[in-house]
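Under the working numbering, the first residue of the sequence shown carries the number 1, and numbering increases by one thereafter.
Read the hints as simulated data drawn from the structure, not as lab findings. Be a bit skeptical, because a hint or two may be false.
Listed next, with one range per pair, are the computed distances between beta-carbon atoms [unchecked claim]:
#, residue 1, residue 2, range
1, Gln67, His370, 45 to 53 Å
2, Gln69, Thr131, 23 to 31 Å
3, Thr131, Ser179, 27 to 35 Å
Okay, derived cross-link-like pairs now, SDA-like style, lysine to any residue, Cα gap no bigger than 25 Å in a straight line [claimed, not checked]:
#, residue 1, residue 2
4, Lys32, Asp302
5, Lys160, Arg270
6, Lys13, Trp295
7, Lys182, Ser368
8, Lys221, Gln171
9, Lys359, Arg232
10, Lys231, Arg356
11, Lys160, Arg138
12, Lys28, Tyr320
13, Lys88, Ile135
14, Lys182, Gln222
In this text, a Cβ means the ideal position worked out from N, Cα and C, and glycines have one as well.
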Amino acid sequence: MTDRKVYLEYLYKTAGPVLEAPCLRDVKIEQKADRSKCTWMEAVGRLICGIAPWLESASADEQEETQKQRYRMLCRNLITRQFDPDSKDYIHFTKDEPQFLVDLAFLAEGMLRAPHELIDLLDPDILKSITDVMIRSRAIRPYESNWLLFSAMVEALIFKLTGSYEKEPVQYAFDRLESWYKGDGVYGDGPELAWDYYNSYVIYPMLMELHDIFPELSDKKQKDRLLLRAKRYAAIQEKMIAPDGTFIVTGRSIAYRCGAFHHLANMALREELPQELSYGAVRCALGEVIQRTLWPASFREDGFLAIGVCGSQPSLGEPYISTGSLYLCLTAFLPLGLSPDAPFWTEADQDWTQRRLWKGQDMARDISYHE
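Throw the hints in and build the complete structure from the sequences for me.
Quick look at the structure:
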């Protein structure tokens with residue numbers, strides 16, 4: 001049985017040590033290269049990106065609501081410490097460290113997913129500091145890859161905070177991603193296709209949210225086409241989950257663990273799953289992936305995540321991976337932002353595609369998507 005309580009149990013276990021650390025800079029960093037300048041900004045942005053919809057939502061369960069209220073305050077405190085010059089956890093932003101653009105974009109995405117809790121209730125001086133850093137990050141030139149969406153997402157938060165933005169980075173990201181579309185629901189991460197999970201980690205979630213925020217930069221036909229592509233890729237993602245909750249380990253950044261299913265989780269949150277997928281089956285599939293990738297061996301003795309996909313597997317980490325990077329896994333928890341009465345939570349447990357297929361059940365054949 002994979003119910004809401006299972007998701008919450010793993011959310012608390014994963015996010016808790018980061019949120020409750022008195023000072024993140026005193027925590028040991030697992031890294032291959034020196035990532036000390038940015039690793040904790042990575043942790044904060046990615047953690048908030050994943051749990052923000054839950055923070056913004058109301059809970060019917062009193063115990064859950066009590067914990068949520070506590071996490072709301074801890075998240076605001078964590079953001080404050082990153083942008084308060086008097087805090088030991090202050091980020092010390094510099095345009096010479098490109099990684100800051102990535103981290104600020106995930107933070108922006110998270111804050112925009114919880115505008116009341118993580119914008120309206122923040123101290124005005126901290127919001128000013130965030131705005132200043134976001135504007136200064138324009139000096140970082142993104143790579144011709146999914147990084148274009150980071151610059152665009154920063155503009156989205158600047159727009160929310162100030163009422164104005166620079167159109168060019170957003171329009172450029174839209175145009176380039178469109179030129180990189182390969183077919184059957186898959187975008188290239190740049191001109192070429194790479195067999196990794198960046199369509200899910202970054203491309204679809206940010207692209208869809210940016211089109212929502214800047215509707216004037218695309219017409220209805222473009223948005224409709226994006227949704228059809230997104231539904232196809234969500235169907236593909238669901239089929240990637242094996243009967244036992246494992247999935248193919250391929251491509252870079254696999255240490256983001258269950259964050260490989262950011263897109264599927266986001267489509268469930270948006271209640272825009274393709275018609276052939278049931279919410280009960282997706283809940284069970286995502287829940288199984290969460291449990292497989294966040295089992296006890298995946299955590300260090302101090303409660304922080306270890307590098308790996310299923311335990312401590314440091315060789316799976318690229319040089320840019322460090323302790324803070326790993327918290328993109330929390331994007332798999334996005335459906336917690338849905339009401340407990342939503343179909344995602346109320347539909348009965350169901351087997352997902354691969355579990356049904358490998359039990360010998362007769363199933364409709366898969367059909368590729370063409371435009």
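Those earlier numbered hints the structure runs against, lowest number first: Hints that this structure does not satisfy do not exist here, as all of them hold.
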